[in-house]
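Input sequences plus hints: build the corresponding full structure.
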Amino acid sequence: EAGVAQSPRYKIIEKRQSVAFWCNPISGHATLYWYQQILGQGPKLLIQFQNNGVVDDSQLPKDRFSAERLKGVDSTLKIQPAKLEDSAVYLCASSIDTYRNTEAFFGQGTRLTVV
Amino acid sequence: AQTVTQSQPEMSVQEAETVTLSCTYDTSESNYYLFWYKQPPSRQMILVIRQEAYKQQNATENRFSVNFQKAAKSFSLKISDSQLGDTAMYFCAYNNAGNMLTFGGGTRLMVKP
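So the protein lines, in turn, are chains A and B. The working numbering numbers the first residue of the first sequence as 95 and each following residue consecutively. The working numbering numbers the first residue of the second sequence as 41 and each following residue consecutively.
Don't read these hints as lab results, they were simulated from the structure. The reader is advised that the hints may include incorrect statements.
[As the list claims (entries may be wrong)] Just the calculated beta-carbon pair ranges, DEER-fashion:
| id | chain 1 | residue 1 | chain 2 | residue 2 | range |
| --- | --- | --- | --- | --- | --- |
| 1 | B | Arg-148 | A | Ser-112 | 29 to 37 angstroms |
| 2 | A | Glu-108 | B | Ala-56 | 42 to 50 angstroms |
| 3 | B | Ala-56 | A | Ser-160 | 43 to 51 angstroms |
| 4 | B | Asn-98 | A | Ala-114 | 42 to 50 angstroms |
All residues carry an ideal CB built from backbone N, CA and C; glycine is no exception.
So this is what it looks like as structure tokens:
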């Protein structure tokens, strides 16, 4: 079974530029998560989808971050414009269903450096 | 909102010895799930063990076991016969149905030869 795929693995941009990350969850998984992990800290949830609907986006900085999962499969997270403090690893995860408390499977993440 | 606290930023253990990582959480829910995830330098989060709050029996997975104290809201991870490959960040996490998976700040574990 293929795991959660993320691209790119690394990205370096200048502040005020825009960037997009892509995630393809495990086939059949209804729930998709985007986490931000700053160096030395635990992952912080940015947004959680159940199919193509948003379950929780309370910690997403909506003035600069956006995410979509139009067909309920793969997802894109965008930052526009980027700030220095956005430097972090962005992790995508998926699970079978939000309401069944099953294990979340993670991708390898995208390391973003904003200079 | 649920919070998860890991009070040990770093720990070390000699190979083949036993180490315990601590985790406490705060919730008003009665039914929920707790997890320990391992994150090696490759960055990929891997599930180590999970515990369902309604089960009194502590979960065990080979060398990994938990001590789940529901009243105290404590969920510690014991690693027996530590191996060099256990060197990683370990994260405690919580969720209940319909809510987000919340992580603690992590414990960096170093296994020394």
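Do the hints match the structure? See the list:
Between Arg-148/B and Ser-112/A the CB atoms are about 33 angstroms apart, so this pair conforms to the stated range of 29 to 37 angstroms. Checking the proposed 42 to 50 angstroms range against Glu-108/A and Ala-56/B shows it holds: the Cβ atoms sit about 49 angstroms from each other. A hinted range of 43 to 51 angstroms holds for the C-beta pair Ala-56/B and Ser-160/A, which are about 49 angstroms apart. Look at Asn-98/B against Ala-114/A: about 43 angstroms separates their beta carbons, and that is inside 42 to 50 angstroms.
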